[in-house]
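A.B. asks: Build the full structure now, drawing on both the sequences and the hints.
Going from the sequence shown to the numbering used here is simple: count from 1 and add 36.
Careful: at least some of the hints might be erroneous.
What the hints assert, rightly or not - When the alpha-carbon atoms are kept at most 27 Å apart in a straight line, the in silico DSSO-like pairs for lysine-lysine are as follows:
#: 1; residue 1: K315; residue 2: K335
#: 2; residue 1: K335; residue 2: K424
#: 3; residue 1: K712; residue 2: K657
Claimed, not checked - Computed spacing ranges between beta-carbons, pair by pair:
#: 4; residue 1: T594; residue 2: T482; range: 25 to 31 Å
#: 5; residue 1: R401; residue 2: S249; range: 29 to 35 Å
#: 6; residue 1: E397; residue 2: Q616; range: 45 to 51 Å
#: 7; residue 1: K424; residue 2: L506; range: 44 to 50 Å
#: 8; residue 1: A142; residue 2: R93; range: 23 to 29 Å
#: 9; residue 1: W454; residue 2: G656; range: 34 to 40 Å
#: 10; residue 1: K180; residue 2: A519; range: 39 to 45 Å
#: 11; residue 1: P356; residue 2: W454; range: 56 to 62 Å
#: 12; residue 1: L506; residue 2: W454; range: 47 to 53 Å
#: 13; residue 1: R590; residue 2: P342; range: 20 to 26 Å
#: 14; residue 1: R518; residue 2: W402; range: 52 to 58 Å
#: 15; residue 1: E484; residue 2: K424; range: 24 to 30 Å
#: 16; residue 1: E429; residue 2: A311; range: 42 to 48 Å
FYI, nobody ran anything at the bench for these hints, they're computed from the structure.
The beta-carbon is built from N, C-alpha and C at its ideal position, and this holds for glycine as well.
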Amino acid sequence: MKNTKLLWLASALSGVVVAGCSKPAVQQTTATADTPAVSQSEPLVKGVGLNMENLDRSVSPCEDFNLFANGGWLKNNPIPASESRWGSFNELADNNNKTLRAVVDAAVAVNNAPKGSSTQLVGDFYAAGMDSAAIEKAGLTPLKPELDRINAIKDRASLLQAMAHLKTIGRGGVFGFYVGQDDKNSTQYIVNITQSGLGLPDRDYYLKTDARSQSIREEYQKHMANMFRLLGDTEATARKNAAKIMELETRLAKASMTRVEQRDPHATYNKMTVAELQKLSPNFNWPTLLKNMSVTGAKEVIVAQPKFLKEANTMLTAVPVSDWKTYLRWHLARTSAAYLPQAFVQENFNFYSKFLSGAKEMQPRWKRVLRMTDGTIGEALGQEYVDKAFSPEAKAKALEMVNNLRSAFQEHVKNLDWMSEATKQQALNKLNAFAVKIGYPDKWETYEGLNVSRTAFLQNVLNASRWGFLDNVNKLGKPVDRAEWGMTPPTVNAYYNPSMNEIVFPAGILQPPFFDPKADDAVNYGGMGAVIGHELTHGFDDQGSQYDPEGNLRDWWTAEDKAKFKQRTDLVDRQYSAMQPLDSVFVNGKLTMGENIADIGGLNIAFTALQKAIANKNVGKIDGFTPDQRFFLAWAQIWRTNATERFLRQQVQTDPHSPASFRINGPLSNMPQFYKAFGCAPGNKMYRPEAERVHIW
Numbered sequence: 037m038k039n040t041k042l043l044w045l046a047s048a049l050s051g052v053v054v055a056g057c058s059k060p061a062v063q064q065t066t067a068t069a070d071t072p073a074v075s076q077s078e079p080l081v082k083g084v085g086l087n088m089e090n091l092d093r094s095v096s097p098c099e100d101f102n103l104f105a106n107g108g109w110l111k112n113n114p115i116p117a118s119e120s121r122w123g124s125f126n127e128l129a130d131n132n133n134k135t136l137r138a139v140v141d142a143a144v145a146v147n148n149a150p151k152g153s154s155t156q157l158v159g160d161f162y163a164a165g166m167d168s169a170a171i172e173k174a175g176l177t178p179l180k181p182e183l184d185r186i187n188a189i190k191d192r193a194s195l196l197q198a199m200a201h202l203k204t205i206g207r208g209g210v211f212g213f214y215v216g217q218d219d220k221n222s223t224q225y226i227v228n229i230t231q232s233g234l235g236l237p238d239r240d241y242y243l244k245t246d247a248r249s250q251s252i253r254e255e256y257q258k259h260m261a262n263m264f265r266l267l268g269d270t271e272a273t274a275r276k277n278a279a280k281i282m283e284l285e286t287r288l289a290k291a292s293m294t295r296v297e298q299r300d301p302h303a304t305y306n307k308m309t310v311a312e313l314q315k316l317s318p319n320f321n322w323p324t325l326l327k328n329m330s331v332t333g334a335k336e337v338i339v340a341q342p343k344f345l346k347e348a349n350t351m352l353t354a355v356p357v358s359d360w361k362t363y364l365r366w367h368l369a370r371t372s373a374a375y376l377p378q379a380f381v382q383e384n385f386n387f388y389s390k391f392l393s394g395a396k397e398m399q400p401r402w403k404r405v406l407r408m409t410d411g412t413i414g415e416a417l418g419q420e421y422v423d424k425a426f427s428p429e430a431k432a433k434a435l436e437m438v439n440n441l442r443s444a445f446q447e448h449v450k451n452l453d454w455m456s457e458a459t460k461q462q463a464l465n466k467l468n469a470f471a472v473k474i475g476y477p478d479k480w481e482t483y484e485g486l487n488v489s490r491t492a493f494l495q496n497v498l499n500a501s502r503w504g505f506l507d508n509v510n511k512l513g514k515p516v517d518r519a520e521w522g523m524t525p526p527t528v529n530a531y532y533n534p535s536m537n538e539i540v541f542p543a544g545i546l547q548p549p550f551f552d553p554k555a556d557d558a559v560n561y562g563g564m565g566a567v568i569g570h571e572l573t574h575g576f577d578d579q580g581s582q583y584d585p586e587g588n589l590r591d592w593w594t595a596e597d598k599a600k601f602k603q604r605t606d607l608v609d610r611q612y613s614a615m616q617p618l619d620s621v622f623v624n625g626k627l628t629m630g631e632n633i634a635d636i637g638g639l640n641i642a643f644t645a646l647q648k649a650i651a652n653k654n655v656g657k658i659d660g661f662t663p664d665q666r667f668f669l670a671w672a673q674i675w676r677t678n679a680t681e682r683f684l685r686q687q688v689q690t691d692p693h694s695p696a697s698f699r700i701n702g703p704l705s706n707m708p709q710f711y712k713a714f715g716c717a718p719g720n721k722m723y724r725p726e727a728e729r730v731h732i733w
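C.D. replies: Right under this line is the structure:
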């Protein structure tokens, strides 16, 4: 979903949701220079949602709040061998897998479920994925029709035909393609064409000249050669093919926009007719290509990166057809590896998870197949999940929190001292127009016409990919479906979609430690409240603020207010660009701008909402901490994370989210409310002079 703002990068997660409440310690808070003392005679109430054993009281909260709040947890929770990072998101996902596994096991046990029912789809898909013996026995046979199709390519016309077909089954290609809302007319769907075609995570992996980047390129070529050998090539041919792919992808990378450049929605909005598209890149023969992708009725398109498409157009004739065939074989194998025999699975893991991210071993097969099931037919799986894990009462309380956060945001906007009344009114209009989705869709996807069998795993995946592609392109000419979800119900994440002007919270994240109906308000507002505030603020970050209440890319700011906003976002850039997760590695403040604004704004809004929630309540200390202190501890606990060095390096280069420790400490270092709660003062590392603090929303 284009421009959707996630709470966390979805691909970094391994599944879904959580269990248990905390196990508070009876230990009292000890007095330090920065932590208010608790009387020895003061009774301690064991709370829900925070575990006092996770703290490291040897660290001052005003020097490093992440270590104070999470130091005990960080020491006692090393990264599992099968992971490249481990934190609350992963714990939540890992515990929730137990619920999901019970769902799929029950579905598998039904051998005669009605064809097309959720039980049949889930049971047969999962069973086929778990039948490793059948997958090994089949070998490359399931992939042979696609390999034969590529092998039969003789000229550019058949090359384009093969490219179109592979696009419909989700097996890669030199360009990205989807139907989505028109950024400047959110009531209509339109074809979108984007840059794509790389096997490494980012263009810069091909272009940077430092020693580490060079070593990654060397390993990538070794990996490709290994995959070609598994496809049946000789040693010499495999190495030669890998070199060809590296040359071709490097050329595509040079023409690609950087991730920071792609954050400008105006730069990626290049609307044109199909005739103009054909003139821009005539070698693609777009009228025929669109027809071969079953796209009918397209009159206009949006090209996100015209420069890239022009270069790809040139390459279609400049690169020999034989090299393109090699390229298509590679991307077919790369995108199918997880569904093939173990040798392919292992080789794919060795490079992408072990070498690039630092995981030491593969997750157990059931977890991987469960994740594939959720990613393929997630709403079929999600129906059973929400029945077991998400009550109507939880949904009602979550909606109440959203309304409270929206009210707090309204108050913040009205009280801004840097924004004119005219722009404030526009901001309030947008905020009041936000749509809210909680838990699960009102109308479930039925996957009508999708064929899933218990005996053909890869074919199930290809069928599902084609079903999804056709379902997407068939939106052309139809009214925009504002009930559609961009995440499955079990997902441990949340998002803001500017074209829909909506915030969405799947049931998967509405679980402890993010949200617990039994927890005190401080914990819920510091956890889920801050998540809600984060997504609300995305509508007003450096990207979201460019969309109006109807979801259209339209300027609603006065020139003076826009300049003031830019001054404040520039300060966010400077702050985070100075943060250093590793030696010689710094956060990219421009890439992470939107997420950092959302973290800072969301936490401030959630704090205000908490004060309103407890204003008329007699709330005392729990486990020795005031409500304000528990609020900030809850914020810290949801981002607690141990990560491998390789994961951090990849995150800084490719992820719009800052590393977890900076998501904790960064916003707090800008909040006087935090200083007051823990007694922070000038000279403390967590304290910033007033002139250096970010205050936007």
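A.B. asks: Honestly, which of those hints from before does the structure not fit?
C.D. replies: Hint check: 2, 4, 6, 7, 8, 14 and 16 fail, others pass.
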